[in-house]
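First to last, the sequence lines map onto chains R and L. With UniProt numbering, the residue at position 89 of the first sequence is 89, and numbering never jumps. With UniProt numbering, the residue at position 180 of the second sequence is 180, and numbering never jumps.
To be clear, the hints were calculated from the coordinates, so they are not data collected in a lab. Keep in mind that a hint or two might mislead.
[Stated by the list, open to error] Below, simulated DSSO-like cross-link-like pairs (lysine-lysine); rule was C-alpha separation at most 30 angstroms, straight line:
| hint | chain 1 | residue 1 | chain 2 | residue 2 |
| --- | --- | --- | --- | --- |
| 1 | R | Lys56 | L | Lys285 |
| 2 | L | Lys285 | R | Lys217 |
| 3 | R | Lys88 | R | Lys2 |
| 4 | L | Lys33 | R | Lys165 |
[Unchecked claim] Partial list, computed: chain L residues near chain R (C-beta under 10 angstroms):
| hint | residue |
| --- | --- |
| 5 | Lys58 |
| 6 | Asn100 |
| 7 | Glu169 |
[Stated by the list, open to error] To be clear about the criterion: a stretch of chain L counts as covered by chain R if any three or more of its residues have a C-beta under 8 angstroms from a C-beta of chain R, and this derived list gives those stretches:
| hint | stretch |
| --- | --- |
| 8 | 25–36 |
| 9 | 40–54 |
| 10 | 113–122 |
| 11 | 234–240 |
| 12 | 264–274 |
We treat Cβ as the ideally placed atom computed from N, Cα and C, and that holds for glycine.
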Amino acid sequence: MKYNSVFDIIGPVMIGPSSSHTAGAARIGLAARNLLGKEPKWAKIHLYGSFAKTYKGHGTDFALAGGLLGFEPDDSRMSKALEIAKEKNITIEFIEDNAATDHPNTARLIIGDDTDSTELVGISIGGGKVEITELNGFELRLSGNHPAILIMHNDRFGAIASVTKILAKYEINIGHMEVNRKDVGKEALMVIEVDQNVEDNVLKELENADHIIRISKIVS
Amino acid sequence: MFRTVAELVEIAEKNQMPISEVMILQEMDVKDKTREEVFTEMEKNLVVMEKAIEDSLKGVQSVTGLTGGDAVKIQTYMQERTPLSGNLLLDAVSKAMGTNEVNAAMGTICATPTAGSAGVVPGTLFAVKNQLNPTREQMIRYLFTAGAFGFVVANNAFISGAAGGCQAEVGSAGAMASAAIVEMAGGTPQQSAEAFAITLKNMLGLVCDPVAGLVEVPCVKRNAAGSSLAIVSADMALAGVTSRIPCDEVIGAMYQIGKTMPSTLRETGEGGLADTPTGRLLKEKIFGMTV
Chain R
1 MKYNSVFDII GPVMIGPSSS HTAGAARIGL AARNLLGKEP KWAKIHLYGS
51 FAKTYKGHGT DFALAGGLLG FEPDDSRMSK ALEIAKEKNI TIEFIEDNAA
101 TDHPNTARLI IGDDTDSTEL VGISIGGGKV EITELNGFEL RLSGNHPAIL
151 IMHNDRFGAI ASVTKILAKY EINIGHMEVN RKDVGKEALM VIEVDQNVED
201 NVLKELENAD HIIRISKIVS
Chain L
1 MFRTVAELVE IAEKNQMPIS EVMILQEMDV KDKTREEVFT EMEKNLVVME
51 KAIEDSLKGV QSVTGLTGGD AVKIQTYMQE RTPLSGNLLL DAVSKAMGTN
101 EVNAAMGTIC ATPTAGSAGV VPGTLFAVKN QLNPTREQMI RYLFTAGAFG
151 FVVANNAFIS GAAGGCQAEV GSAGAMASAA IVEMAGGTPQ QSAEAFAITL
201 KNMLGLVCDP VAGLVEVPCV KRNAAGSSLA IVSADMALAG VTSRIPCDEV
251 IGAMYQIGKT MPSTLRETGE GGLADTPTGR LLKEKIFGMT V
């Protein structure tokens with residue numbers, strides 16, 4: 001089921017004008033910021049379908065920027081997000097892309113700073129709910145109904161075991177798990193949906209485990 | 001977890017509880033929360049809705065100037081004349097439009113189920129309230145009932161204009177409101193389902209064709225259509241009128257129609273009213289670009 005809570009339907013409380021183009025866009029921006037793990041210094045944002053055609057009218061541009069700045073959809077600074085980003089010297093470029101996508105409200109965000117960058121594809125499926133369908137070239141299938149941990153790691157034996165051992169120690173149950181790699185022995189991605197929220201100290205410990213490159217968390 | 005309206009009604013009837021209670025119990029179960037927590041969270045939404053209506057009745061204007069001020073006009077008219085369509089109906093229309101005017105002016109609203117259709121559920125609630133004098137709890141339950149039906153639509157079809165046209169937004173919102181009105185007025189769960197089906201049937205095929213891609217024209221006035229239809233359908237269902245096509249099949253029809261709707265009519269601002277001479281002219285004026 002795509003939606004599992006009544007508050008997906010009655011909610012969110014948000015700054016207008018569009019739940020999918022404004023609130024959803026802010027949540028995609030926020031997810032990108034969380035996955036980078038810090039405030040980006042630059043962003044290239046490709047917009048597709050209805051996003052590309054109407055982003056100015058719906059405020060999709062400032063909402064995405066607001067998300068990158070860490071604003072929740074009901075943040076009253078939302079409509080000023082582009083100006084605030086400019087003051088902070090964050091460069092944001094919007095590209096209207098004509099490529100066909102599976103979902104009409106699709107955005108591809110490539111964001112980073114001097115040392116790191118991350119690339120993701122987010123879709124806004126309606127009523128402010130979003131899904132992240134691609135991360136750094138890896139296809140994702142997150143239900144979005146549970147908190148998830150995304151772990152970039154080196155494709156080596158023991159990497160997965162070191163992660164699951166730590167989760168077991170903290171009695172965190174895994175509801176769904178996927179492992180993907182680009183090539184044998186190269187960069188790989190673990191996606192773990194868990195039943196409860198994962199505290200920061202657990203994430204820290206995971207980050208220090210063998211063969212782990214970077215960890216990010218998505219809260220449902 | 002219920003997946004269809006038929007299942008929702010069956011659970012309610014079997015346990016002799018209102019639809020709102022089925023939704024509350026499911027939410028408590030899925031999110032592992034207490035009744036009090038779930039109620040408090042919903043009450044926050046109710047407060048936002050109330051505030052948006054209050055703000056709108058002071059008069060708001062969008063940045064583009066395309067929308068705003070109509071909610072006040074209607075309230076003034078209601079004080080000066082006896083509305084042909086009746087006070088309750090027109091009050092709902094005014095409050096629904098007002099909420100959407102606040103949304104267009106980038107104010108704070110609660111998406112129900114979306115921002116573009118955010119006026120219908122609160123507009124009807126705060127109009128019906130004057131006649132039915134509900135308790136605060138009943139008003140919160142109204143939102144759970146509306147949410148329960150919206151939940152089925154979202155999981156079996158869509159609730160966004162980009163995916164399924166305006167039938168998926170204002171259509172769903174109006175149908176959700178109908179079902180909630182019926183429960184508040186003392187109707188049965190099945191009557192809620194009938195009211196929902198009647199409203200959605202009359203919204204089938206409605207396209208999403210916003211001028212300049214803005215959630216203003218025709219969105220604000222479509223909230224008026226959704227809220228008035230919601231009240232009429234609720235009355236029909238309470239009178240015993242039923243839908244020949246069952247509720248879940250109407251949702252299925254909405255999904256199929258949305259699937260085959262061209263993308264120019266799904267929130268791209270390329271077809272319908274957006275592509276009229278005036279629609280194009282407005283876009284040019286607002287964005288300084290030719291279409």
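Here's how the hints hold up against the structure:
1. The suggested pairing of Lys56/R with Lys285/L holds, with an alpha-carbon distance near 14 angstroms, which does not exceed 30 angstroms.
2. The hinted pair formed by Lys285/L and Lys217/R fails the criterion: a straight-line CA distance of about 44 angstroms is larger than 30 angstroms.
3. Between Lys88/R and Lys2/R the CA atoms are separated by roughly 36 angstroms; this puts the pair beyond 30 angstroms, and the hint is violated.
4. As the CA atoms of Lys33/L and Lys165/R are separated by approximately 29 angstroms, the hinted pair is consistent with the 30 angstroms bound.
5. With its C-beta approaching chain R no nearer than about 16 angstroms, Lys58/L sits outside the 10 angstroms limit, and its interface hint is violated.
6. Interface restraint check: Asn100/L against chain R, minimum CB-CB distance 8 angstroms, threshold 10 angstroms, status holds.
7. A distance limit of 10 angstroms between C-beta atoms decides the matter here; for Glu169/L the minimum to chain R is near 8 angstroms, and the interface restraint holds.
8. Proximity of the stretch 25–36 of chain L to chain R, defined as three or more residues with a beta carbon under 8 angstroms from a beta carbon of that chain, is established by the 4 residues found.
9. Under a criterion of three residues with beta carbons nearer than 8 angstroms to beta carbons of chain R, the stated coverage of the stretch 40–54 of chain L is upheld, 5 such residues being counted.
10. Three residues within the 8 angstroms Cβ limit are the bar, and the stretch 113–122 of chain L against chain R gives 6, so the coverage statement holds.
11. With 0 residues bearing a CB less than 8 angstroms from a CB of chain R, the stretch 234–240 of chain L misses the requirement of three and the coverage assertion fails.
12. Proximity of the stretch 264–274 of chain L to chain R, defined as three or more residues with a beta carbon under 8 angstroms from a beta carbon of that chain, is established by the 5 residues found.
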